[in-house]
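Novice: Chain by chain, the residues:
2 protein chains.
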Amino acid sequence: MPRQTSRDLRNESRFEVLHALFTLGPSTRQEIAKHTGLSTATVATLVTQFLAEGVLRIATVEQNTVGRPYERLTIDPDRGRILGIDVAETYVDATVYDVTLGPLGQSEVALDEHQNGQAYVVDGIVAAIDAAVAASGTDRKRIIGAGVSMPGQVRPDAGVSVFAPNWDWHDVKIEALLEERLGMPVYVDNPLKAVALSEMWFGVGRVTKSMAVVNLGTGVGAGIAIDGSLLRGAANNAGEWGHTLLQLDGRPCRCGRLGCVEAYLGVHGLQTTLAEIDPDHPALQQAQQSGFVEAVAAGLAGDDPALVELARRTSHYLAAGLGDLVNLLNIPHITLTGWTTVALGEWLIPAVTAELPDHVLPGSLPGLTVEASRVAGNPVALGMAAFTLEQFLGALGLASPASAPSTRRRLRSPA
Amino acid sequence: MPRQTSRDLRNESRFEVLHALFTLGPSTRQEIAKHTGLSTATVATLVTQFLAEGVLRIATVEQNTVGRPYERLTIDPDRGRILGIDVAETYVDATVYDVTLGPLGQSEVALDEHQNGQAYVVDGIVAAIDAAVAASGTDRKRIIGAGVSMPGQVRPDAGVSVFAPNWDWHDVKIEALLEERLGMPVYVDNPLKAVALSEMWFGVGRVTKSMAVVNLGTGVGAGIAIDGSLLRGAANNAGEWGHTLLQLDGRPCRCGRLGCVEAYLGVHGLQTTLAEIDPDHPALQQAQQSGFVEAVAAGLAGDDPALVELARRTSHYLAAGLGDLVNLLNIPHITLTGWTTVALGEWLIPAVTAELPDHVLPGSLPGLTVEASRVAGNPVALGMAAFTLEQFLGALGLASPASAPSTRRRLRSPA
Chain A
1 MPRQTSRDLR NESRFEVLHA LFTLGPSTRQ EIAKHTGLST ATVATLVTQF LAEGVLRIAT
61 VEQNTVGRPY ERLTIDPDRG RILGIDVAET YVDATVYDVT LGPLGQSEVA LDEHQNGQAY
121 VVDGIVAAID AAVAASGTDR KRIIGAGVSM PGQVRPDAGV SVFAPNWDWH DVKIEALLEE
181 RLGMPVYVDN PLKAVALSEM WFGVGRVTKS MAVVNLGTGV GAGIAIDGSL LRGAANNAGE
241 WGHTLLQLDG RPCRCGRLGC VEAYLGVHGL QTTLAEIDPD HPALQQAQQS GFVEAVAAGL
301 AGDDPALVEL ARRTSHYLAA GLGDLVNLLN IPHITLTGWT TVALGEWLIP AVTAELPDHV
361 LPGSLPGLTV EASRVAGNPV ALGMAAFTLE QFLGALGLAS PASAPSTRRR LRSPA
Chain B
416 MPRQTSRDLR NESRFEVLHA LFTLGPSTRQ EIAKHTGLST ATVATLVTQF LAEGVLRIAT
476 VEQNTVGRPY ERLTIDPDRG RILGIDVAET YVDATVYDVT LGPLGQSEVA LDEHQNGQAY
536 VVDGIVAAID AAVAASGTDR KRIIGAGVSM PGQVRPDAGV SVFAPNWDWH DVKIEALLEE
596 RLGMPVYVDN PLKAVALSEM WFGVGRVTKS MAVVNLGTGV GAGIAIDGSL LRGAANNAGE
656 WGHTLLQLDG RPCRCGRLGC VEAYLGVHGL QTTLAEIDPD HPALQQAQQS GFVEAVAAGL
716 AGDDPALVEL ARRTSHYLAA GLGDLVNLLN IPHITLTGWT TVALGEWLIP AVTAELPDHV
776 LPGSLPGLTV EASRVAGNPV ALGMAAFTLE QFLGALGLAS PASAPSTRRR LRSPA
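Residue numbers (this note's numbering), protein chains in the order written: chain A, 1 to 415; chain B, 416 to 830.
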């Protein structure tokens, strides 16, 4: 077990006070103490330190008819700015956040999925950041750091994109490349870890410590939190639910294996299913995956029979795959995210919920919830900004015990 | 995140000192400090307390040519006795251990799988314990407690067998029933949790904090440890890998679902596969599952072609199922246990190891090991004894942070 010291405990308490303010919004010391379980004396001491450091500020002072006035505290949104960047095969989405993780400006740059050079991708990231910074009117000197999610396997402790299959990238030192180009600290991680962290901070994590966030898009995968800790695995590779089996020796998956969940539930999997139902269906004429998903949603709204059958089969596959996740992990909460969820969730989720009891062991069923994520905005960009904020708090001596892969990072103080 | 206090830290340190002695055998204070990462001053203080409490004793005193004599410490094996009991549908295996978890005597009682009343099962448990106590020459007054693994879903925090599908048990207060009959504290848990704990204490857990122990027997399942913590799930139901999919809408599983791993890799699954290859094969005439497995092992030794094909298909199923476990959790170590492993491991494990790279994502493959468990004896009984010892240490103020489901337990001090 990892060794904890008294200093770790103090840092954990400091982290919890700040995290409570993210969760609760502006709060009194008493509300923070109640939420965290810390004593009011401890909270008062930590708040005094935070006010001196300029991390917190007093939002409002209220006066009851009796008693002393009381202060509501908030994280000082002017303490700095944070970038959250979602890099996918076909786009870069960059968002500027304040340190309460409120979005200030956003920009998306398209990537040509047939180009895959490092310089091309880095140029796209820089262009998206420049546009987002401009859109938000942010002074670059005030940016604390940039969290960048890269597709494929990423080792945040080494700042390396280990393997991006669609780009044929191997052991690219992406963090160093970006830090040199951007002139600011960069933190890289994997999108499944980012969606999990955004859900832990801003989604169902507000009421539970154990959850899986299932992303349904071009690729599919799960971000998993167990008892408040992000499941990373030995090489930061955990959560590849999309590459567990639905059908032994079934459809070829782009990972090279046969029968993976992604070959049925990724957008290409949905196209394959529709082609099995009706190879001439007009939705299959869409050149882009996003156009296909939108065409399916539009057709379902009009009760197109082939698309109703597609939704039926897809719900069956999804219920089966989620059943595996629940049976193995006995997690009580699953949230769905990704653009297939956004476009088709209203058809898929009720059918999946109805079928799940056929797949889940009786002991793991009571209280199980499956719902669309309520996290607003791009959860990958938000999660990467949250990681970057954790690193910044860590540099202030506020390391989160739950999600940080290492403590080697150093992020600069804002100007 | 769970709140930790200074007292928790002290208890954790005490637990680690004892756990180091289980792992290392008789050791000096310096060796304990090196192994645990605690300071020598802390270790010296804790050892002094343990000696006063009679938990430890001095095993040997050695004198180098220079310097002071130094003492090797050991857990006092005479401090008490612990029972570990593995209750399955067809047998009860009871073992008496000393507090270093060395086995002193064992007994097995057969259960008729067609009888399932509570009184019948409790009688079988009592009979097995009585015989094991007699075989070991143990004075019952010295028994600290009994750890009893029950099949199906168990809630150790409530002492209840929630659901035993093959017995049609629901919410049986088995712990209270057994405590009344045995006149000693009883701790109940699920066999997957027990095999995981025995592997954590005495198997690959000595060199790694994250592992899955895959049990292959009548049923199949996995005990999972992540970063030194046993994965229990919301209702102590995690690890049901046997009820994840190998084949959507495939073979009927006894859980009621179609296509589960257990329907291919449980002993009945092996029988089904062999019947697909050669419905008239003589191994299928064996009345007992254990006889079937032994007949398969004997036939494989003689290169029986139908059984060679059975081993080939079974290895394919196993490689696929383990690939799912690795892709989802990115665990670096898998050990196999259970009687199918004991009888057929020499045929299955090399084939599975060869095929695994076809199922595992490249990033999760480096360093991955799959091997038969090296834990000696019945790992379920051993794990249940280890849980009981943890409870006893917890009652001394030595709660393990890793595996204990609750702190409500009270085990008596030995006479």
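A portion of the hints provided could be inaccurate.
[Said to hold, decoys possible] Over the 10 Å line for every Cβ pair with chain B, so calculated as not near, a few chain A residues:
1. Asp98
2. Val126
3. Gly137
4. Glu240
5. Cys255
6. Ala301
7. Leu325
8. Ile331
9. Pro332
10. Asp358
11. Ala372
12. Arg374
[Stated by the list, open to error] Label pairs and their computed distance ranges (CB to CB):
13. Asp278(A) - Arg728(B): 42 to 52 Å
14. Pro772(B) - Ala158(A): 46 to 56 Å
15. Gly452(B) - Ala287(A): 36 to 46 Å
16. Glu595(B) - Pro26(A): 34 to 44 Å
These are calculated hints, taken from the structure and not from any lab test. Every residue gets a Cβ at the ideal spot worked out from N, C-alpha and C, and that includes glycine.
Novice: Name the hints, by number, that the structure is in violation of.
Specialist: 4, 5, 7, 8, 9, 10, 13, 14, 15, 16
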